[in-house]
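Please put together the full structure from these sequences, using the hints given.
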Amino acid sequence: TNDEARFTHFRRYNQKELAQKAKELKEAGPESPIQVVSVGRRFLIFPDYRIALKPMDLTIQTNVPQVDVLLNQKKVAVSDSEAFSVKLDRLPMADYTASINGQHNGRKIKVKKTYDGQNPVLNLSVTFKTFTVTSNVKEGELYFDDNRVGTLKEGEFQIQDYPVTEGAEAYITKTFPDGDL
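In full-length UniProt numbering, the protein residues as written are 1 to 181.
Careful, some of the hints might be misleading.
[Unchecked claim] Computed cross-link-like contacts, DSS-like style, restricted to lysine-lysine with a CA-CA straight-line distance of at most 27 Å:
1) K108 - K153
2) K174 - K153
3) K16 - K54
4) K74 - K113
5) K113 - K129
6) K54 - K74
7) K87 - K113
8) K21 - K54
9) K54 - K23
[To be verified] What follows is a set of in silico ranges between Cβ atoms, one per label pair, in the way DEER data are often shown:
10) D178 - T59: 44 to 52 Å
11) G150 - G102: 17 to 25 Å
12) G102 - D48: 44 to 52 Å
13) N14 - D89: 27 to 35 Å
14) R107 - E169: 16 to 24 Å
15) E24 - T97: 22 to 30 Å
16) E24 - G106: 46 to 54 Å
17) E169 - P55: 28 to 36 Å
18) L18 - K153: 48 to 56 Å
19) G150 - V37: 49 to 57 Å
20) D89 - D178: 47 to 55 Å
Note that these hints are calculated values from the structure, not bench results.
Cβ coordinates follow ideal geometry from the N, Cα and C atoms, glycine included.
This is the structure:
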């Protein structure tokens, strides 16, 4: 195809999803993102139909140079500036996760963001911050967005020039004899 389907993960629908999609196709009009389109006839008698999907565009932005830009874990480009942007045209409607992966100033950077179905711009810009994490948990593992940062000692951990995104979430895990918290 002429589109960027190689970045898309396709999967089979379960019976409930299949019934929902069948209902959507029956109710679809010319402005719908998915519709049934007549493409001619088979054997001069039988009508022939195809399912047509309207393509979408995504733009991935980052301010970190020299890192891999990925879409659904497939390499799209390598950023070349602090104002890098890459536009992907004609993507099938699907779930997408954009990420950057690489090294910057000697520190490993791994940031990801999932397409929410609304905003076609996935901003993977990061800021480098220095701060101290203080917790009432004396010892535990500190994570930022599923990336392990380090181990708390006496309820504190000092972080130097750590890449943080706008919506980053920090959490601590602690292992007890009866399970994890």
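Status of each hint after checking the structure:
Among the hinted pairs, K108 with K153 is consistent with the structure: their alpha-carbon atoms are about 23 Å apart, no more than 27 Å. Pair hint K174 plus K153 holds up; C-alpha atoms about 12 Å apart against a cutoff of 27 Å. Pair hint K16 plus K54 holds up; C-alpha atoms about 23 Å apart against a cutoff of 27 Å. Simply put, K74 and K113 have alpha-carbon atoms about 14 Å apart, close enough for the 27 Å limit, and the pair holds.
With a C-alpha separation of about 19 Å, the suggested pairing of K113 with K129 holds against the 27 Å cut-off. Note on K54 and K74: the hinted pairing holds, with a Cα-Cα distance of about 22 Å set against a maximum of 27 Å. With a CA separation close to 16 Å, the supplied pair K87 and K113 stays within the 27 Å bound. Between K21 and K54, the direct Cα distance comes to roughly 15 Å. Compliance with the 27 Å bound is thereby established for this hinted pair.
A hinted pair counts as satisfied when its Cα atoms are at most 27 Å apart, and K54 with K23 qualifies at roughly 18 Å. The hinted range of 44 to 52 Å is satisfied by D178 and T59, whose Cβ atoms lie roughly 47 Å apart. Checked against the hint of 17 to 25 Å, the C-beta distance between G150 and G102 comes to roughly 20 Å, which is consistent with it. Separation of G102 from D48 is about 48 Å and conforms to the stated range, judged on CB atoms against 44 to 52 Å.
Between N14 and D89 the Cβ separation comes to about 31 Å, which falls inside the hinted range of 27 to 35 Å. Our hint of 16 to 24 Å for R107 and E169 holds, since their Cβ atoms are close to 19 Å apart. Under the hint 22 to 30 Å, the C-beta atoms of E24 and T97, about 24 Å apart, fit the expected range. Range check, E24 to G106: about 50 Å between beta-carbon atoms, so the 46 to 54 Å window is met.
A hinted range of 28 to 36 Å holds for the C-beta pair E169 and P55, which are about 32 Å apart. Separation of L18 from K153 is about 53 Å and conforms to the stated range, judged on CB atoms against 48 to 56 Å. A hinted range of 49 to 57 Å holds for the C-beta pair G150 and V37, which are about 55 Å apart. The supplied range of 47 to 55 Å is met by D89 and D178, whose beta-carbon atoms lie about 52 Å from each other.
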